[in-house]
Amino acid sequence: MTTPKITKEVLSEAITAEVKAALLNESVKEGVRFRFGSKELEFGSPEHVRVLQALLSGMESLRDCYAVGSANRHVYASACHKLRKLILKHSK
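Counted from 1, the sequence shown has number 85 at position 85 by the working numbering; the numbering is strictly sequential.
Wrong hints could be hidden among the right ones.
Claimed, not checked - No more than 25 Å apart at the CA atoms, straight line, and that leaves these computed lysine-lysine pairs for PhoX-like:
#, residue 1, residue 2
1, Lys82, Lys39
2, Lys39, Lys20
3, Lys5, Lys29
4, Lys92, Lys39
5, Lys85, Lys20
No lab work stands behind these hints: they were computed from the structure.
Working from the sequences, and respecting the hints, build out all of it.
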């Protein structure tokens, strides 16, 4: 029984397929509106980004209430990270 020869091309294709399968493609559904109080904002609009920035500020304050290394601080820090990415994406 012989083992098939693994070439650079075969290895590259396998790695590419594995990476593509592992990537999460997260996107907002088309036409989604963001509800803020009694207002409805278009997702990613300048007004929505301002709301996200205010939310980030509040989340950072909550995060800072917990000791470094605590589970709660980690949860808030993760949420802050996601908010920053979202703000950056829609601020362009």
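Hint by hint, here is what the structure shows:
1. Between Lys82 and Lys39 the alpha-carbon distance is near 23 Å, which keeps this suggested pair within the 25 Å criterion.
2. For the given pair, Lys39 sits about 38 Å from Lys20 by alpha-carbon distance, which is inconsistent with the 25 Å threshold.
3. In summary, the hint linking Lys5 to Lys29 is not supported, as the alpha carbons are separated by about 44 Å, beyond the 25 Å threshold.
4. Between Lys92 and Lys39 the CA atoms are separated by roughly 23 Å; this keeps the pair inside 25 Å, and the hint holds.
5. Between Lys85 and Lys20 the alpha-carbon distance is near 21 Å, which keeps this suggested pair within the 25 Å criterion.
Going down the numbered hints, you'll see the structure goes against 2, 3, while the others check out.
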